[in-house]
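Visitor: Letter by letter, the chains look like this.
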Amino acid sequence: MQKLKNIQENKSNGRSVLVIGGGVGGIRAALDLAESRRNVILIDKSYSIGGLMTQLDRTFPTNNCDLCTVSPHLSENTRQIHLDLKPMTQLEQLTGETGNFEATLVTEPRYIDIDKCTACGECHKHFPEAVRFTPGLDPRAPTCMRYPQATPYAFSIDMEKVGDIEALQKVCKADAIIPDDMQKKITVEAASVVLSVGAELFDPAVLDNFGSGQFDNVVTGLEYERIMSASGPFQGDLVRVSDKKQPKKVAWIQCVGSRGINKADVPYCSGVCCMYALKEAIVTKERFAESIETTIFYMDMRTYGKDYELYLNRAKNDYGVKMIRSRPHSIIENSETKNLSITYAVEEEALQKTEDFDMVVLSTGFRIPETTIDLANRLGIELNPHNFAKTDHFNPVVTSKPGVYVCGVVESPKDIPETMVQASAAASMAASDLPAIMDVPESENDFMPERDVSGEEPKIGVFICDCGLEIGGVVDVDKMVEFSGTMPHVVVSQAVGYGCSSDSMAMIEASIKTNNLNRVVIGGCSPRTHETKFQDLVRRAGLNKYLVEIVNLRDQNTWAHMGQPREALDKAFKLLGIGISGVCKSRPLMDQTLPMNQNALVVGGGVTGMTAALQLAGQGIKVYLVERSPALGGLAKSIRKTIEGDDVRPFMNQLIDDVSANENIQVLTRSIIVDHSGIPGRFKTGIQTGPRMNYMQLDHGVTILATGALPNRPDVYGLGTHNSIVTQLELEALIENDPKKIKAMNQVVMIQCAGSREPDNPNCSRICCQTAIKNALRIHAIDPDIQIFILYRDIRTYGFQEDYYREARNLGVNFIKFSLDNKPEVWVENDRISVFVDDVILGRKIQIETDYLALSTGMIADDETTEDLSMMFHLPRTSDHYFLEDHVKLRPVDMSVRGFFIAGTTHSPKTIRESITQAYAAAGRAQTLLAKKEINLGAAVAKVDSSKCAACLICIRACPFSIPFINEDGYSYIDPAKCQGCGICAADCPAKAIQLLAFEDDQIMAKLDGLFGGLN
Amino acid sequence: MKNFEPEIVAFCCHYCAYTAADMAGSKRISYPSNVKIIRIPCTGKVDAIHIMKALEKGADGVYVAGCLEGDCHFKNGNTRARYRVEHVQKYLEELGWEPERVAMINMSAGMGEFFARTALEFTQKIKQLGPNPIKIINTDKNQKAVS
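Chains D and B are the protein sequences, given in the same order. For the first sequence, the working numbering begins at 42 and goes up steadily by one. For the second sequence, the working numbering begins at 95 and goes up steadily by one.
Certain hints may be false.
Calculated pairs, EDC-like style, for lysine to aspartate or glutamate (alpha carbon to alpha carbon, straight line, at most 16 Å) [as the list claims (entries may be wrong)]:
no., chain 1, residue 1, chain 2, residue 2
1, B, 151, D, 1043
2, D, 586, D, 572
3, D, 289, D, 334
4, B, 121, D, 1041
5, B, 147, D, 1050
6, D, 678, D, 773
7, D, 357, D, 327
8, B, 121, D, 359
9, D, 226, D, 149
10, D, 864, D, 835
11, B, 151, D, 1050
12, D, 626, D, 1050
13, B, 147, D, 1042
14, D, 379, D, 359
15, D, 973, D, 480
16, B, 169, D, 716
17, D, 86, D, 149
18, B, 169, D, 909
19, D, 290, D, 331
20, D, 989, D, 1010
21, D, 864, D, 904
22, D, 626, D, 348
23, B, 121, B, 207
24, B, 147, D, 1041
25, B, 147, D, 1043
26, B, 219, B, 194
27, B, 121, D, 327
Away from chain B, derived, C-beta distances all over 12 Å, residues of chain D [claimed, not checked]:
no., residue
28, 216
29, 382
30, 424
31, 583
32, 776
33, 918
Since the hints were made in silico from the structure, they are not lab data. All C-beta atoms, glycine included, are put in the ideal place defined by N, C-alpha and C.
Sequences are here, hints too, so could you generate the full structure?
Guide: Pasting the structure below:
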């Protein structure tokens, strides 16, 4: 049973950051701060943390199960000595100012002592009515625990619904019931506050046209997630509510309650619904039946995120999701069959069509609830007209009140990766109100001593996860348990449900202790994501962390072979055989450590690189800012105004001045990176710098890549053939520099997606729709008589950008839709430009003569730069040459190589505001490493057996890092602190005198034996 | 040998090939379940003896999958692995085995589809080659023993 330590005594001598809201954003912010050795108080009004994400079935674009992806984050909490988690707690009042806030917190009674509760569930069995929470449609509402991985893992009781309190107390064997528990009020000191309370989803029952709440088979997107979820009302079966039968036809209606002007509508775009509808449609086909027909009714498909366009293409082309551009007015239910009919307008034909569906999903968006408005008042922060937090022009995590920061959906509608980025950014900003990180002393944190298992025969415990349906739905967990039980040395073999849930972890820990196990095998997901977690678990149980082996039953088995359960089961047996046989040869090992180099290298001197450099410098970190061009500024220097109307130039000039004047930043312009070596925490990067290209070596612990992207200039629509055919950037410069020339125009045409969303550059450039609308509005402001046409495929003004789209339409800007297979044509005759486009509404091709043609060409990755750097730093890239982050959802600014972070447009196209957020996020993530004085190198180092070494020098020649040398005793020596752990020397050593610890030859042989056990 | 299902061992480096295999899974891209992965830090760690032992113990095919050439996290582990695989291939040829039973494959961490495709191609190739000769000998022996 894992418990959260109350470390109040730790907190009294250092100031804290108060994080309000324990959704995925609040958790990320709190973890970042705690990892940087900052004290955090995380409060959430609910009885366990996790927020909205824990109710989702799967998340786009990876289609992973959310519980699995979020749970490592949640339980990370329990490891953090700097983190004080207060569930069921709300902020009553905030007084004081930045650096010296006083927060009054009110904690509601749980009536259960979470330190005693073992979460056995007895209280619930006898008092099922004392249940507070109903996730989605779940009629069973099994517990107050919202999902199996709940943190903290304890029940909560609604005392008003308990009749016989004494009987309840008797039921609890752990004596954890506190019948007279009371509301508690405490005052805490906080240097700064991060607000991450999220938002609610719109309840469409207030609309009378879609039958939500009246028709059984009309559900919201979230309810559909609950229906598909393994922990949902139908245990993961996709069935209709009315007759519990699998639907054959499912439709989604987008923008329900969003992008509207009717009663109960909000005008903004919720930004995530297009993607979640696509996800739900894909998962429906993938998991339930390929034959289920899925149709999405949409206005514009807004797949503007990184690689999201590819997801849309997959949905359409690979899964056959039907896309219909129409906004249906209403749903009519057949009272007998409970089927639903939708009448919609067909775009290409001037007629209406009626179609029947078995189920209809309403894609509803985010709303700010009254409670948040009230909380904002108590915090003293301003809200925007849509009731979201009002933020700084160039920094979306800074609110109107100094010292109060904001992240996630409460700032604006957004998806999980963007929430994660903002959370890290807000944490980074909040930390800057505390003493600089370099001045905070490091404290010790020790586990219990390790049990000496040397000389013991292996006693293995095998624990197999079903991971909901992810593993258990494809292969029979009981059969795997039975199989493992027959293997030699296995003394415990059992199924553990969600192995990473708190109760399973506690059960495994107890089993290790009671059965005196000395080896552990976990059959579950990939060791890449969960090894650390289970290593910590066995460590807590008193075993060395290298005595656990993770068998990848999910990512490399049930996910890959979901269609062949028989083969998957056979493979599962063999993988378990490999793991069990291999773990017998595992030995206890010691991790190596080295002092951390606390300097940072920032590559790229644009707005992103400069922002990150300043943020790190503010924490007392020495920063090398390397820029290849002669001056700082990057692409943002050519942008004049944001869509909100803010001047970019003064902001940029200020930024450049601040960077140049900062003592902790060494600016190296005209510099290119030429070599790189070292390990995370101790990198050495060589640059050639200055007009003479002098060589210089930089020592640094972390690297932030902010090399940006390039403005695209594709050879389309006559770009480059005529002075008046230009890009949006050039149009913007003209608007700024020569408004007279604009005034002289009569017609301006803009063509969207010029060179984007096409087969050779399939992604969306994200920024072009808002850029076109920004420029259209500015042209209109110069002369309202100029006719402006924007030819588009989907207008992607996500979030509050929708306000400007609506304004442009109201002001008479003409929007004409075209499709990829029927693109506009541009003719230049006698210096006159004509654009031909099919007008769907008129049903014929129209010709627009124009004075000026602006092409929305967007951005393109800087292939040459990212290729060079990816080779040098060994970092992966996406298929369109942007850097590929470690995890698109959960680690959006971390790279797969520790110590590397990315920010800005080198990650994917984005606006200045978004780039700045990511810059703060990368700086914050970098601090989680730099805050440590030591680097853990792991234990996988090469070790020489001197009795076998013949000093043949082969290892010395083989090592790519020149680590081995012949010592004074005449044999090869490999310094464990310098060894990188590749094992090349071990493979080359002819005498087999070298072994790579954790991957020794006998372990590899044992694994092969485990695989072929039946054959030899 | 009509329904011959080969047993294939893939030594995959942690940084690229193993991650690519996870990626294939998370994208739900199917590949033959014949392939069983053994994770190693770098393909440079794979010794000729590991490949030979895998064949001796009954693998019908073995491949080593590492990072793209030039992208090895340990500089040149994958090129060393390629030499060793080529060495084993020559050795197999001398023994009268098909050298194609072992292979070196390079991929990046993001190439989930490629991982699945190469797993399929390699499995098909081994299916054509038929079972590991050792297994045939053993089966023959067993049959003789029975008769």
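Visitor: Give a verdict on every hint.
Guide: Evaluation of the provided hints:
1. A distance of roughly 14 Å separates the Cα atoms of residue 151 of chain B and residue 1043 of chain D; the hinted pair therefore holds under the 16 Å criterion.
2. Between residue 586 of chain D and residue 572 of chain D, the direct Cα distance comes to roughly 10 Å. Compliance with the 16 Å bound is thereby established for this hinted pair.
3. For the given pair, residue 289 of chain D sits about 6 Å from residue 334 of chain D by alpha-carbon distance, which is consistent with the 16 Å threshold.
4. At roughly 32 Å between alpha-carbon atoms, residue 121 of chain B and residue 1041 of chain D are farther apart than 16 Å, so this suggested pair is violated.
5. Taking the CA atoms of residue 147 of chain B and residue 1050 of chain D, the gap is near 10 Å; set against the 16 Å cutoff, the hint holds.
6. For the hint linking residue 678 of chain D to residue 773 of chain D, the alpha-carbon distance of about 12 Å falls within 16 Å, and the restraint holds.
7. As the CA atoms of residue 357 of chain D and residue 327 of chain D are separated by approximately 13 Å, the hinted pair is consistent with the 16 Å bound.
8. Distance restraint check for residue 121 of chain B and residue 359 of chain D: the Cα-Cα separation of roughly 12 Å lies within the 16 Å cut-off, and the hinted pair is therefore satisfied.
9. Distance hint between residue 226 of chain D and residue 149 of chain D is fulfilled; the C-alpha atoms sit about 9 Å from each other, no more than 16 Å.
10. At roughly 13 Å between alpha-carbon atoms, residue 864 of chain D and residue 835 of chain D fall within 16 Å of each other, so this suggested pair holds.
11. At roughly 7 Å between alpha-carbon atoms, residue 151 of chain B and residue 1050 of chain D fall within 16 Å of each other, so this suggested pair holds.
12. Distance hint between residue 626 of chain D and residue 1050 of chain D is fulfilled; the C-alpha atoms sit about 12 Å from each other, no more than 16 Å.
13. For the proposed pair residue 147 of chain B and residue 1042 of chain D, the alpha carbon gap of about 11 Å is at most 16 Å, so the pair holds.
14. For the given pair, residue 379 of chain D sits about 30 Å from residue 359 of chain D by alpha-carbon distance, which is inconsistent with the 16 Å threshold.
15. Distance hint between residue 973 of chain D and residue 480 of chain D is fulfilled; the C-alpha atoms sit about 12 Å from each other, no more than 16 Å.
16. For the suggested pair residue 169 of chain B and residue 716 of chain D, the alpha carbons sit about 12 Å apart, so the restraint of at most 16 Å is met.
17. The straight-line distance between the Cα atoms of residue 86 of chain D and residue 149 of chain D is roughly 8 Å, inside the 16 Å bound, and the hint therefore holds.
18. Between residue 169 of chain B and residue 909 of chain D, the direct Cα distance comes to roughly 15 Å. Compliance with the 16 Å bound is thereby established for this hinted pair.
19. A threshold of 16 Å between alpha carbons decides the hint, and for residue 290 of chain D with residue 331 of chain D the separation of about 11 Å falls inside it, so the pair holds.
20. For the suggested pair residue 989 of chain D and residue 1010 of chain D, the alpha carbons sit about 13 Å apart, so the restraint of at most 16 Å is met.
21. Only pairs whose Cα atoms come within 16 Å are accepted, and residue 864 of chain D paired with residue 904 of chain D is rejected, the gap being roughly 27 Å.
22. Using a Cα cut-off of 16 Å, the hinted pair residue 626 of chain D and residue 348 of chain D is violated, with the two alpha carbons roughly 43 Å apart.
23. Taking the CA atoms of residue 121 of chain B and residue 207 of chain B, the gap is near 8 Å; set against the 16 Å cutoff, the hint holds.
24. With a C-alpha separation of about 15 Å, the suggested pair residue 147 of chain B and residue 1041 of chain D falls inside the 16 Å cut-off, and the hint holds.
25. Between the alpha carbons of residue 147 of chain B and residue 1043 of chain D the distance comes to roughly 12 Å, so the proposed pair stays at or under 16 Å and holds.
26. Pair hint residue 219 of chain B plus residue 194 of chain B holds up; C-alpha atoms about 8 Å apart against a cutoff of 16 Å.
27. At most 16 Å may separate the alpha-carbon atoms for a hinted pair to count; residue 121 of chain B and residue 327 of chain D meet this at roughly 11 Å.
28. Every CB of chain B is more than 12 Å from the CB of residue 216 of chain D (nearest about 44 Å), matching its label as outside the interface.
29. Separation of residue 382 of chain D from chain B is adequate, the least Cβ-Cβ distance of about 33 Å exceeding the 12 Å criterion.
30. Distance to chain B confirms residue 424 of chain D as a non-interface residue, since its nearest Cβ pair spans about 38 Å, more than 12 Å.
31. With a least beta-carbon separation of about 26 Å from chain B, residue 583 of chain D lies farther than 12 Å from that chain, consistent with its non-interface assignment.
32. No beta-carbon of chain B comes within 12 Å of the beta-carbon of residue 776 of chain D; the shortest separation is about 40 Å.
33. A Cβ of chain B approaches the Cβ of residue 918 of chain D within 12 Å, the least distance being about 7 Å, so the stated non-interface status is violated.
In summary, the numbered hints that this structure violates are 4, 14, 21, 22 and 33.
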